[in-house]
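Engineer: Chain residues, written in single-letter form:
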Amino acid sequence: QKEVEQDPGPLSVPEGAIVSLNCTYSNSAFQYFMWYRQYSRKGPELLMYTYSSGNKEDGRFTAQVDKSSKYISLFIRDSQPSDSATYLCAMSAGGNNRLAFGKGNQVVVIP
Amino acid sequence: GAVVSQHPSWVICKSGTSVKIECRSLDFQATTMFWYRQFPKQSLMLMATSNEGSKATYEQGVEKDKFLINHASLTLSTLTVTSAHPEDSSFYICSARVFKKTSGGETTDTQYFGPGTRLTVL
Numbered sequence: 210q211k212e213v214e215q216d217p218g219p220l221s222v223p224e225g226a227i228v229s230l231n232c233t234y235s236n237s238a239f240q241y242f243m244w245y246r247q248y249s250r251k252g253p254e255l256l257m258y259t260y261s262s263g264n265k266e267d268g269r270f271t272a273q274v275d276k277s278s279k280y281i282s283l284f285i286r287d288s289q290p291s292d293s294a295t296y297l298c299a300m301s302a303g304g305n306n307r308l309a310f311g312k313g314n315q316v317v318v319i320p
Numbered sequence: 016g017a018v019v020s021q022h023p024s025w026v027i028c029k030s031g032t033s034v035k036i037e038c039r040s041l042d043f044q045a046t047t048m049f050w051y052r053q054f055p056k057q058s059l060m061l062m063a064t065s066n067e068g069s070k071a072t073y074e075q076g077v078e079k080d081k082f083l084i085n086h087a088s089l090t091l092s093t094l095t096v097t098s099a100h101p102e103d104s105s106f107y108i109c110s111a112r113v114f115k116k117t118s119g120g121e122t123t124d125t126q127y128f129g130p131g132t133r134l135t136v137l
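Sequences listed follow chains A and B, in order.
For the first sequence, the working numbering gives the first residue as 210, with consecutive numbering after it.
For the second sequence, the working numbering gives the first residue as 16, with consecutive numbering after it.
Among the hints, erroneous ones may be present.
As the list claims (entries may be wrong) - With a straight-line Cα cutoff of 25 angstroms, these simulated BS3-like cross-link-like pairs (lysine-lysine) come out: (1) K81/B with K35/B; (2) K115/B with K276/A; (3) K251/A with K29/B; (4) K35/B with K79/B; (5) K116/B with K276/A.
Because the hints were derived from the structure by calculation, they are not lab data.
Whole structure, please, built from the sequences with the hints as guidance.
Structural biologist: As C-alpha cells, then:
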C-alpha cells in the first residue's frame, strides 16, 4: 500500500461547479497536510496548509483533514477556468521527515 | 508566502556537458532544501535532501556522483548534473523547508517550491 493515495483523474467540471478532491494515507504519524496547485511547466504552489485535524477556509478553497479516517479533502467553490491545473496533496510527520505526495489530480474547468 | 527562485528556468545542452542549477530562498533562510525531478504527467520524485553545511542525503537509485548537490549557505543550494545524457532530460524542481512555531502554539512545517528548471540534453 502506498503511503498516499490520490486518484489522478482527470476531472472535468463546468465553470461555477464545486470541485472535490481527496487523498487517503496510511501513516498515522502524519500531522502536517498540504495541497499544492501546479500549472503545466511550473513548480507547485502551496495552496492550503493544515496542521492536524480540522477545516481551513481561504476564499473559494476549503481544506479538511480527518485523521481518524486518514482522509483529507480540498474543495474549490465557484470554480473558474483559471483553476485548471494539477492538484497535489502532500503530508509529513514533521521533524526530518520528508513530504509524501499523492500522484496529483488533473482538474479541467470548462468555460 | 516564502519565495523560492531557480536559475536557469530552462537549459539546453549537449550530451557530456555539465549543467548547474541554482535554488535560492529569497526572503527567508532555509536550512533544508530538497531537489525533485518530474517527468511529464507524473508526480514529483524526490532526488535528495540538502542540508546547509553538510552532505546531501540521496534517495535510493539516485547517483550522487552524477547529481552533485551543494548547500553553501542558508539561502542557496545548487544541483549540478554532471556529464549529462539525454535520459537526464527532465523538469528539476527545488523546494525549501519552512518550519516555525507561532506564538499561539501552532507549528508550520511545509515546503515552498521553486518555479522549476527544464533541462533538455541533446
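Engineer: Which numbered conditions among the earlier hints are violated in the structure presented, ordered from lowest to highest?
Structural biologist: none
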